[in-house]
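Peer 1: Sequence:
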Amino acid sequence: MIKQTVNTGYPILDSHLIKFEEISVLLQDIINNKTCSKDLSKVFYKVLFIAEDFFLEVELLLNKLGYPKLKEQKKLHKDFIEHVKDIELDYNNGVTDSCGRLNKILTEKCINYFNANNQEIYSFLKEKGNI
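Here this note's numbering is used: the first residue of the sequence shown is 1, the next is one more, and so on.
Calculated directly from the structure, the hints in this document are not laboratory data.
Because the structure is a prediction, the values reported are computed rather than measured.
In this text, a Cβ means the ideal position worked out from N, Cα and C, and glycines have one as well.
Any given hint could turn out to be false.
Unchecked claim - Pair by pair, the computed Cβ-Cβ distance ranges are:
hint, residue 1, residue 2, range
1, Lys42, Leu76, 20 to 30 Å
2, Lys71, Ser37, 14 to 24 Å
3, Lys42, Asp97, 17 to 27 Å
4, Gly94, Lys64, 42 to 52 Å
All chains, full assembly: derive it from the sequences and hints.
Peer 2: Structure (structure tokens):
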């Protein structure tokens with residue numbers, strides 16, 4: 001399960017981090033209730049909608065502030081969305097481990113992203129006097 005470890009001070013960023021936590025809880029409930037085959041599609045929709053919205057907000061903010069690693073940030077965002085879409089395609093084609101794979105990407109990639117990347121972004125924002 002995802003746990004937010006940094007408060008950026010930017011409501012746009014923090015609210016999306018909380019939404020990812022909520023999706024993580026929903027997915028864990030689906031796994032625990034063994035309802036992946038019928039309930040996972042709504043998780044894909046939420047993940048992709050929130051990810052695309054969140055990543056756009058982050059990229060716009062970081063571009064405005066002159067974040068030096070914006071190109072790398074955009075690649076991380078694109079790769080994450082493509083990975084989720086690949087899992088969704090497999091799910092729609094009947095692959096049975098899609099729930100576990102989505103849980104893994106949400107926990108591993110998001111935890112790494114939010115903990116390492118968010119710390120770096122937070123430090124950048126603080127250094128720029130934006131927090």
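Peer 1: Which hint numbers doesn't this structure obey?
Peer 2: 2
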